[in-house]
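Take the sequences, apply the hints, and build the full model.
In order, the protein sequences belong to chains A and B. The first sequence begins at 12 in the working numbering and counts up one residue at a time. The second sequence begins at 12 in the working numbering and counts up one residue at a time.
If you are wondering where the hints come from, they were derived from the structure by calculation, not from laboratory data. Please note that a few of the clues may not be correct.
In this list, chains with the same sequence are indistinguishable; a pair is considered to hold if it fits within one copy or across any two.
[Unchecked claim] Straight-line Cα separation of at most 27 Å, DSSO-like style, residue types lysine-lysine; simulated pairs:
hint : residue 1 : residue 2
1    : K121      : K211
2    : K211      : K322
3    : K69       : K179
4    : K315      : K268
5    : K315      : K334
6    : K315      : K69
7    : K211      : K351
8    : K268      : K179
9    : K268      : K211
10   : K351      : K179
11   : K383      : K69
12   : K179      : K322
13   : K351      : K322
14   : K334      : K211
15   : K334      : K268
16   : K383      : K65
17   : K268      : K121
18   : K315      : K179
19   : K179      : K211
20   : K322      : K121
Protein chains: 2
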Amino acid sequence: MRILILGGDGYLGWPTAMCFSRRGHEVWVADSLAKRHWEQELGVEPLIPISSLKERVKLWRRMTGLEMGVSIADLCDYEAVSTLIQDFQPEAIVHYGEQPSAPFSMMDQKRAVLTQVNNVTGTLNVLWALRRHAPDCHLVKLGTMGEYGTPNIDIEEGFIEIEHNGRKDVLPYPKQPGSFYHLSKVHDSHNILFACRVWKLRSTDLNQGVVYGVETEETALHPGLATSFHYDEVFGTALNRFCVQAVVGIPLTLYGKGTQQRGFLDIRDTLRCVELAVLNAPEAGEYRVFNQLTETFSLRDLAKLVQQQGKKLGLAVEIQRLKNPRVEAEDHYYNPRHDKLNALGLTPHLLSDVLIESMLARIQENAHRIRKASILPHVAWDGAISATPAHRAKSKAAHAALTSAH
Amino acid sequence: MRILILGGDGYLGWPTAMCFSRRGHEVWVADSLAKRHWEQELGVEPLIPISSLKERVKLWRRMTGLEMGVSIADLCDYEAVSTLIQDFQPEAIVHYGEQPSAPFSMMDQKRAVLTQVNNVTGTLNVLWALRRHAPDCHLVKLGTMGEYGTPNIDIEEGFIEIEHNGRKDVLPYPKQPGSFYHLSKVHDSHNILFACRVWKLRSTDLNQGVVYGVETEETALHPGLATSFHYDEVFGTALNRFCVQAVVGIPLTLYGKGTQQRGFLDIRDTLRCVELAVLNAPEAGEYRVFNQLTETFSLRDLAKLVQQQGKKLGLAVEIQRLKNPRVEAEDHYYNPRHDKLNALGLTPHLLSDVLIESMLARIQENAHRIRKASILPHVAWDGAISATPAHRAKSKAAHAALTSAH
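Listed below in structure tokens is the structure:
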């Protein structure tokens, strides 16, 4: 199958590209490299050094003999998207090509607008180009479980039957996203649903939980094929960040009580879910949503797991509560359904001691590269803490106090 | 009260500004004049000649002795928005400042993206500027009933209590918008709700029906105070367009069966609703939604009303069905609640014979200005008809055949 990976330079995009390539598909990766630019701006970098996308594609060919097309293209440039889709004629597109960070989107007006304009425009351009050049292509779009927020009822997969005043309808599940980033994904979902209805496009929206892990079958083939694993406050996610904190000897930081519950999944399951979606395309005109997670944990429980595993490796891991920089419910009901991917054949890698232990080991190899100052939160949802240089300096001082106290 | 009107040059913005000014409020109007540019691009113009915003503000002062501030400012320019709000310190903002047309947004990729980027960015900028410079100000935002689509259950005002698997929550009402324009309003609604929750801003989202009418108490004071009444396929709305078709002697065009039902209201009620919202501000942190309509009609029934009234004025009015250029349900349940504005004191002007008769008379005075070729639809949701010059020419020919046959 001809598969186009948008955002192919990213944490998930690159492993996805290798995964499909190795399974015999014809793969093309495209990326604007915008995220590398944002990393530079913020002074953060992935744990493991990542060579350029073009270099990685070359190495992939050398290692496996498999060809992979590569384009440096910005989805906000309609001509570029249009040409890419017209020329490659993909049968499936896996679309990761968006600004992926909630804290980034909450930093200031400029980055909030950038996030929404970038993500919404990119996806609109993909939809228009599909309509024109490849209307049968299946768009697999990465959304987020954060689109739903934490409602007091079960979270269904995209749609819910509502009975109201004696009548019934199946309607899009109400969304309560928690940042301008999460909002951008909600906007995308509405736009894609509309394009499927009106233009008979076909799409799967994968509302994904928080992904953890550093290694897949393909990244393990060569150090140069590693993926960009982040642990900083902006691009790092919970479990990945906790593991880095454990290795580097600073307390695991819970935002608030840490009783917030979220859905999680192993990076290897992300690849499998995307593959299952691609191999089982919806009908023309169909827009479907899969909730892509395998387990739910509270952040507190997750921190405790890391603490226990760290102990086995001789790491003295502390857990510390910070004032929650986000505006979010800490005690809440959380029961997201996630049956559809299981029904298609997903066999989850549940979070195991072994996984955490191997993550810690992998991080230890790269411990000299960790920039401690980038881990603690500086971005606050309510504006109480801001990302100005002055605040940065102040919170660096706080951080120094914290680490010396430890 | 200090009231800032965004989109103050438009069909509703200008009458709203005069209405508040005459009632003793301190009014400032701002507009980017972008819509005048889009009109030029598409070769359409309002029925009645409209002088520049600055000229109208001068005339208003001359007629009434009342001062009104005016800024030519683009909401997509954050510095401009920020300065405006910081300097004027509004207690309420009435935000009409968006690309207002569904067909415009469906014309091509460029205009779809323009619509969403323009509307979403403008509103985000207003939110960020409010947070920074006027967090107590009440944002009255114009949304649309088209955000809801036509669900098979009653449409509530913004939120709905859902009981599901034995648990309950009150959640945002599910949205099923019908164009990239309507989608942009849904995106705005989600963004505003979030800003109210996280930053404790206060806002009223007015999900408005289709507005008809050409005259308000204030526009009637002088011909130079008229508002920009549109009848073309892009910026004109149903009843207004029907009245123009009746006067000019071309059949009233129903899209499809014409059994689509919509909510409607008189332009004078728009002003009253906005006034009621402004005079009854929500609490800090509160986001509320009012459904702003007074009656529902099918488009077919509306056309018949115009036909009957035309007859009284000696106009032979025909009704003709066109292939529906939109992708929408034609036979559907439609029961939108609209109790909140009534509870605040709205006494609706229901659509009466007198109103249609006076609209027809007003249009007759300006009949020589009507451009027939701009009335029939060229923009199709599914791309079957497009706005390319070739199609334009073809449909001009069809139109000529239609009018000569009549």
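Structure-based check of all given hints:
1. Only between protomers do K121 and K211 lie at most 27 Å apart by alpha-carbon distance; the minimum there is 20 Å, versus 35 Å within a single protomer.
2. Taking the closest pair of Cα atoms, K211 and K322 never come within 27 Å of each other, the shortest separation being 54 Å inside a single copy and 43 Å across copies.
3. When the C-alpha separation of K69 and K179 is checked against a cutoff of 27 Å, the pair qualifies neither within a copy, at 55 Å, nor between copies, at 54 Å.
4. In this assembly of identical chains, the alpha carbons of K315 and K268 lie at most 27 Å apart only when taken from the same copy (13 Å versus 63 Å across copies).
5. For the identical chains of this complex, K315 and K334 are intra-copy neighbours only, at 19 Å inside a copy versus 63 Å across copies, given an alpha-carbon limit of 27 Å.
6. In this assembly of identical chains, K315 and K69 lie within 27 Å of each other by CA distance neither inside one copy nor across copies; the values are 41 Å within and 69 Å between.
7. Taking the closest pair of Cα atoms, K211 and K351 come within 27 Å of each other only inside a single copy of the chain (22 Å); across copies the shortest separation is 38 Å, beyond that limit.
8. Taking the shortest Cα distances, K268 and K179 sit within 27 Å of each other only across copies (25 Å), while inside one copy they are farther apart (39 Å).
9. For the homomeric pair K268 and K211, the shortest alpha-carbon distance between copies (22 Å) is at most 27 Å, but the shortest distance inside one copy (46 Å) is not.
10. Taking identical chains as interchangeable, the C-alpha atoms of K351 and K179 lie at most 27 Å apart whether they share a chain (23 Å) or sit on different chains (24 Å).
11. With identical chains, the CA atoms of K383 and K69 are never at most 27 Å apart, being 33 Å at best within one copy and 61 Å at best between copies.
12. Taking identical chains as interchangeable, the C-alpha atoms of K179 and K322 are never at most 27 Å apart, the minima being 54 Å within one chain and 42 Å between chains.
13. Taking the shortest Cα distances, K351 and K322 never come within 27 Å of each other, neither inside one copy (37 Å) nor across copies (59 Å).
14. With identical chains, the CA atoms of K334 and K211 are at most 27 Å apart between copies only, with a shortest distance of 19 Å across copies and 47 Å within one.
15. In this assembly of identical chains, K334 and K268 lie within 27 Å of each other by CA distance solely inside one copy; the values are 9 Å within and 59 Å between copies.
16. Taking the closest pair of Cα atoms, K383 and K65 never come within 27 Å of each other, the shortest separation being 30 Å inside a single copy and 56 Å across copies.
17. In this homomeric assembly, K268 and K121 never come within 27 Å of each other (Cα to Cα): the closest approach is 30 Å inside a single copy and 46 Å across copies.
18. Taking CA atoms no more than 27 Å apart as the test, K315 paired with K179 passes in neither setting, with 44 Å inside one copy and 32 Å between copies.
19. With identical chains, the CA atoms of K179 and K211 are at most 27 Å apart within one copy only, with a shortest distance of 25 Å there and 34 Å across copies.
20. In the homo-oligomer, the alpha carbons of K322 and K121 never lie at most 27 Å apart, since the shortest distance is 43 Å inside one protomer and 57 Å across protomers.
Hint compliance for this structure: hints 2, 3, 6, 11, 12, 13, 16, 17, 18, 20 are not met, and every other hint is.
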